[in-house]
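A.B. asks: Work the whole structure out from these sequences, hints included.
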Amino acid sequence: MDILNKIKARASENKKRIVLPEGTEERTLRAADEVIEKGLADIILLGDPKQIEEESRRLVLKNISRAQVLDPKKHPQKDEYIDLLVELRKAKGMTREEASKLVENPLYLAVLMIKSGDADGEVAGADNATGDVLRPAFQIVKTKPGISVVSGAFIMILQDKNFGENGIMVFADGAVHPNPTAEELAEIAVTTGQTTRNLLSFEPRIAMLSFSTKGSAKHEMVDKVVKATDLAKEKDPSLHLDGELQVDAALIPEIGRKKAPGSDIAGNANVFIFPSLETGNIAYKLVQRLAHAEAVGPVLQGMAAPINDLSRGCSVNDIVNLVAITATQAMGK
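Per full-length UniProt numbering, residue 1 is the first one in the sequence shown, and the count goes up by one each step.
A couple of the hints might just be wrong.
Stated by the list, open to error - Have a look at the derived ranges for each label pair, beta carbon to beta carbon:
hint: 1; residue 1: LYS50; residue 2: ALA295; range: 31 to 41 Å
hint: 2; residue 1: GLY313; residue 2: GLY93; range: 33 to 43 Å
hint: 3; residue 1: GLU278; residue 2: SER100; range: 37 to 47 Å
hint: 4; residue 1: LYS161; residue 2: ARG58; range: 12 to 22 Å
hint: 5; residue 1: GLU234; residue 2: ARG57; range: 50 to 60 Å
hint: 6; residue 1: PRO76; residue 2: GLU234; range: 41 to 51 Å
hint: 7; residue 1: LEU290; residue 2: SER216; range: 17 to 27 Å
Stated by the list, open to error - Lysine-lysine pairs mimicking DSS-like chemistry, simulated, CA-CA at most 30 Å apart:
hint: 8; residue 1: LYS233; residue 2: LYS142
hint: 9; residue 1: LYS227; residue 2: LYS259
hint: 10; residue 1: LYS258; residue 2: LYS285
hint: 11; residue 1: LYS144; residue 2: LYS92
hint: 12; residue 1: LYS259; residue 2: LYS218
hint: 13; residue 1: LYS144; residue 2: LYS101
hint: 14; residue 1: LYS142; residue 2: LYS90
hint: 15; residue 1: LYS15; residue 2: LYS142
hint: 16; residue 1: LYS50; residue 2: LYS144
hint: 17; residue 1: LYS144; residue 2: LYS78
hint: 18; residue 1: LYS144; residue 2: LYS115
hint: 19; residue 1: LYS101; residue 2: LYS50
hint: 20; residue 1: LYS38; residue 2: LYS15
hint: 21; residue 1: LYS115; residue 2: LYS6
hint: 22; residue 1: LYS78; residue 2: LYS90
hint: 23; residue 1: LYS142; residue 2: LYS285
hint: 24; residue 1: LYS90; residue 2: LYS15
hint: 25; residue 1: LYS62; residue 2: LYS144
hint: 26; residue 1: LYS161; residue 2: LYS144
hint: 27; residue 1: LYS15; residue 2: LYS78
hint: 28; residue 1: LYS62; residue 2: LYS74
hint: 29; residue 1: LYS73; residue 2: LYS90
hint: 30; residue 1: LYS73; residue 2: LYS6
hint: 31; residue 1: LYS115; residue 2: LYS142
hint: 32; residue 1: LYS115; residue 2: LYS161
hint: 33; residue 1: LYS115; residue 2: LYS227
hint: 34; residue 1: LYS259; residue 2: LYS161
Bear in mind the hints are in silico, worked out from the structure with no lab data behind them.
Computed from a prediction, not measured in an experiment: that's the story for all the values here.
Even for Gly, the Cβ is constructed at its ideal location relative to N, Cα and C.
C.D. replies: The following block contains the structure:
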């Protein structure tokens with residue numbers, strides 16, 4: 001069974017409530033129908049119930065009637081969510097009038113449902129920009145205790161099973177934070193280790209990547225990775241990680257033994273932490289295209305609840321996969 005099927009099997013064993021705020025969007029509706037049919041999650045659709053019904057009928061969807069449909073403009077808990085938003089944002093001067101308008105925005109309503117315990121996770125972005133999806137998440141759900149930075153991990157499914165964990169590797173950050181400090185890079189390493197354990201059920205072996213291996217080069221960019229490695233070990237002593245390592249030393253056993261003798265990560269890594277967003281983003285796309293790897297994600301990590309952002313060019317299958325991943329993240333939470 002491949003890794004995505006394993007994730008889906010776990011999701012179906014303990015169904016979570018996943019809210020889809022883009023409830024009238026065609027790909028979202030098709031994905032919701034498939035998720036319900038396969039029993040991967042309990043689906044909450046936000047949108048005009050009449051429009052959702054008409055679209056479902058037009059698309060000949062057979063399972064949408066089993067989703068919970070919530071109208072953002074009028075529903076029984078609207079006043080309750082308005083009160084919650086005013087309380088959460090009172091330090092920022094949030095008025096009840098402003099909150100009343102925001103609660104009618106499906107992206108805000110979805111996050112308020114999670115904060116209230118009425119949903120376990122959210123998937124959005126098929127019809128909205130990343131900033132619009134994440135803004136209410138940062139304002140309302142916020143980050144995990146002890147974590148200040150949100151990052152995006154990509155699950156790389158390689159054809160060559162000799163690399164990583166039987167062909168599975170995790171790359172971070174490839175999606176969110178452009179130039180993390182040493183402290184932020186350490187947090188990215190810790191949360192990526194947690195994502196790997198929770199989502200993929202194998203023990204992470206984390207390489208903190210650089211253009212230097214164990215002092216072979218001197219530069220402030222190398223110093224950042226060295227410091228981040230030490231900080232990550234302090235934050236979570238249970239993690240197996242090492243750095244700084246060049247990518248070949250992290251990936252190829254004989255090179256790892258030569259460049260970093262005595263390291264249990266060198267030549268054996270299954271998780272790569274990149275020193276910047278540009279390096280992570282370039283690397284995952286190169287591996288995806290040149291090695292014909294499947295890149296699943298980004299899986300957002302560091303949030304206090306599972307909230308994941310889609311590409312606006314996503315497919316129905318992408319949404320189904322991300323719903324299953326979000327449901328599995330919710331189990332770990």
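A.B. asks: For every hint, state whether the structure bears it out.
C.D. replies: Hint check:
1. LYS50 / ALA295: 31 to 41 Å: Given a distance of about 38 Å, which is inside 31 to 41 Å, the answer is holds.
2. GLY313 / GLY93: 33 to 43 Å: 37 Å, holds
3. GLU278 / SER100: 37 to 47 Å: 41 Å, holds
4. LYS161 / ARG58: 12 to 22 Å: With a Cβ separation near 43 Å, LYS161 and ARG58 fall outside 12 to 22 Å, so the hint is violated.
5. GLU234 / ARG57: 50 to 60 Å: About 57 Å separates the Cβ atoms of GLU234 and ARG57, which means 50 to 60 Å holds.
6. PRO76 / GLU234: 41 to 51 Å: 47 Å, holds
7. LEU290 / SER216: 17 to 27 Å: Check passed, 26 Å falls within 17 to 27 Å.
8. LYS233 / LYS142: Given pair LYS233, LYS142 holds - Cα atoms ~24 Å apart, limit 30 Å.
9. LYS227 / LYS259: 19 Å, holds
10. LYS258 / LYS285: Measuring from Cα to Cα gives roughly 28 Å; hence the hint holds.
11. LYS144 / LYS92: 21 Å, holds
12. LYS259 / LYS218: 16 Å, holds
13. LYS144 / LYS101: OK: LYS144 and LYS101 at ~27 Å, within 30 Å.
14. LYS142 / LYS90: 15 Å, holds
15. LYS15 / LYS142: 24 Å, holds
16. LYS50 / LYS144: At roughly 37 Å apart (the allowed maximum being 30 Å), LYS144 and LYS50 break the hint.
17. LYS144 / LYS78: Distance of about 26 Å is within 30 Å: holds.
18. LYS144 / LYS115: 13 Å, holds
19. LYS101 / LYS50: 21 Å, holds
20. LYS38 / LYS15: Holds: LYS38 and LYS15 sit about 11 Å apart, inside 30 Å.
21. LYS115 / LYS6: 28 Å, holds
22. LYS78 / LYS90: 18 Å, holds
23. LYS142 / LYS285: 29 Å, holds
24. LYS90 / LYS15: Status violated; Cα separation ~34 Å.
25. LYS62 / LYS144: 38 Å, violated
26. LYS161 / LYS144: Since the Cα atoms of LYS161 and LYS144 sit roughly 34 Å apart, the hinted pair is violated (cutoff 30 Å).
27. LYS15 / LYS78: 25 Å, holds
28. LYS62 / LYS74: 26 Å, holds
29. LYS73 / LYS90: 22 Å, holds
30. LYS73 / LYS6: Violated - the C-alpha atoms of LYS6 and LYS73 are around 38 Å apart, more than 30 Å.
31. LYS115 / LYS142: 10 Å, holds
32. LYS115 / LYS161: Violated, at about 40 Å.
33. LYS115 / LYS227: Violated, at about 35 Å.
34. LYS259 / LYS161: 23 Å, holds
Hints 4, 16, 24, 25, 26, 30, 32 and 33 from the list above are not met by this structure, while the remaining hints are.
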